[in-house]
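Visitor: Sequence:
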Amino acid sequence: MIIYCGLRHFYIRHFNPPQADAYYILTHNREIWDCSPGLPIKTKAVLQLDRPVLTIPITLSDFASYAEDWHAFALHYTDELEIEYPHSWYLRFKERAIFEQFITDYNDKMQRENEGGIWGAGQSKLVAKLAAHNCTGYDRIVPPGHTRSFLSQLPLHRLPLPELETLEKLGIKTIGELGNIPPMELSSQFGQKTADILHKLGNGEDLVSFHPHQTQDFRWSLDCITLDGFLRPLASHELKSYLQQGMEKLAATLKDQHKVAGQIKLEAHLAQGTYFEKTRQLKQATDDPKVIHRIAESLLPEDFFAQVDVVISKLDASPLAQLTMFWEPQAPKVMDDDLKNYAQVGVKVPRRERLLMLWEECFA
Numbered sequence: 015m016i017i018y019c020g021l022r023h024f025y026i027r028h029f030n031p032p033q034a035d036a037y038y039i040l041t042h043n044r045e046i047w048d049c050s051p052g053l054p055i056k057t058k059a060v061l062q063l064d065r066p067v068l069t070i071p072i073t074l075s076d077f078a079s080y081a082e083d084w085h086a087f088a089l090h091y092t093d094e095l096e097i098e099y100p101h102s103w104y105l106r107f108k109e110r111a112i113f114e115q116f117i118t119d120y121n122d123k124m125q126r127e128n129e130g131g132i133w134g135a136g137q138s139k140l141v142a143k144l145a146a147h148n149c150t151g152y153d154r155i156v157p158p159g160h161t162r163s164f165l166s167q168l169p170l171h172r173l174p175l176p177e178l179e180t181l182e183k184l185g186i187k188t189i190g191e192l193g194n195i196p197p198m199e200l201s202s203q204f205g206q207k208t209a210d211i212l213h214k215l216g217n218g219e220d221l222v223s224f225h226p227h228q229t230q231d232f233r234w235s236l237d238c239i240t241l242d243g244f245l246r247p248l249a250s251h252e253l254k255s256y257l258q259q260g261m262e263k264l265a266a267t268l269k270d271q272h273k274v275a276g277q278i279k280l281e282a283h284l285a286q287g288t289y290f291e292k293t294r295q296l297k298q299a300t301d302d303p304k305v306i307h308r309i310a311e312s313l314l315p316e317d318f319f320a321q322v323d324v325v326i327s328k329l330d331a332s333p334l335a336q337l338t339m340f341w342e343p344q345a346p347k348v349m350d351d352d353l354k355n356y357a358q359v360g361v362k363v364p365r366r367e368r369l370l371m372l373w374e375e376c377f378a
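Position one of the sequence shown corresponds to residue 15 (my numbering), numbered consecutively onward.
Treat the hints with caution; some may be incorrect.
[Stated by the list, open to error] 27 Å max Cα-Cα, derived DSSO-like pairs, lysine-lysine:
1. K254 - K273
2. K304 - K273
3. K187 - K207
4. K297 - K279
[What the hints assert, rightly or not] Using C-beta positions, here's what the derived DEER-type ranges look like:
5. A34 - P174: 33 to 41 Å
6. T208 - A86: 34 to 42 Å
7. P71 - K297: 19 to 27 Å
8. D242 - T69: 42 to 50 Å
9. R172 - R246: 39 to 47 Å
10. T208 - F290: 53 to 61 Å
11. Y99 - S235: 22 to 30 Å
12. K123 - Q298: 46 to 54 Å
13. K123 - P174: 24 to 32 Å
14. T293 - M198: 54 to 62 Å
15. E191 - A266: 46 to 54 Å
16. I70 - D302: 41 to 49 Å
17. N43 - E179: 49 to 57 Å
Quick caveat, the hints were computed from the structure, so don't treat them as lab data.
Think of the CB as a built atom: it goes at the ideal place given N, C-alpha and C, for glycine as much as any other residue.
Can you build the whole structure from these sequences, using the hints too?
Guide: Set out below in structure tokens:
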């Protein structure tokens with residue numbers, strides 16, 4: 015099952031406005047990507063607004079870092095994550111229990127952080143995204159067996175197709191109806207290539223299959239001035255116990271993801287307001303918590319810390335344990351010393367075995 019997740023007004027929330035008393039429309043490639051809450055942008059009426067409206071183009075990569083916390087949260091449930099845009103991503107689950115737990119925790123996280131968002135689930139990325147944008151509650155979960163009935167209820171205009179007007183003139187009103195038309199009939203109107211694409215979309219199939227995102231690094235952060243019992247910058251010796259716990263968590267994450275790290279970087283905001291950064295390349299990639307902790311600790315300067323981040327990167331797949339192909343079970347050992355000296359009585363050794371024993375005595 016694949017889940018689509020999206021955050022509402024993600025770009026506005028993390029946008030640094032040039033002036034406070036204005037409405038904003040944020041665009042990317044000349045398309046509207048986000049706008050200030052409460053600003054009606056799909057109306058033909060002339061509105062009298064109390065603030066000016068400014069249109070500003072944005073670069074999506076500038077917002078990628080703001081989604082890292084959400085991606086890290088999702089990776090606690092599955093290691094199969096595909097990023098669509100900074101504000102949206104897909105997850106794939108094999109276990110239904112974990113899939114259901116993620117939905118519950120995702121809704122709780124959005125409520126806890128006062129973040130608006132949507133989600134939907136289905137057999138493909140397309141079905142999951144359509145469910146997220148067109149359904150509510152647990153109707154957003156579309157089991158594979160219900161895909162056709164789900165698509166038969168969705169108006170065709172929910173797909174942003176260049177051929178939409180022509181298809182509606184042909185009497186096709188829903189996505190499901192589009193999937194029922196054989197590609198050969200569509201090819202006479204649109205050509206074979208476009209007909210195959212339309213047929214796939216009509217059946218809820220993805221044009222680009224699910225490709226899990228390869229995680230580039232893992233991060234541990236500690237905001238020292240918000241710690242209970244301190245509420246102030248920490249000295250190096252006060253930080254060490256927290257650092258050890260953090261490195262153990264990072265090492266556990268590496269093991270869970272079957273990864274080893276080849277680089278460790280320490281980023282710190284010091285008490286006097288300066289920024290400190292130091293990186294260590296490892297001779298041998300590792301997931302050993304003791305090694306990671308020892309290196310991270312060696313990167314600490316003698317100072318007071320307001321915030322500390324440790325980033326482990328240059329990830330690689332961990333080596334598989336070697337299989338002992340010729341292993342044989344060992345005979346049980348006699349633990350009683352008296353029994354070791356007992357001789358076997360009444361046992362006749364075969365002639366072949368006696369010859370082998372004589373050969374070993376002479377030539378071994």
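Visitor: Find the hints from earlier in the document that the structure breaks and name them by number, from lowest to highest.
Guide: Those not satisfied are hints 7, 9, 12 and 17.
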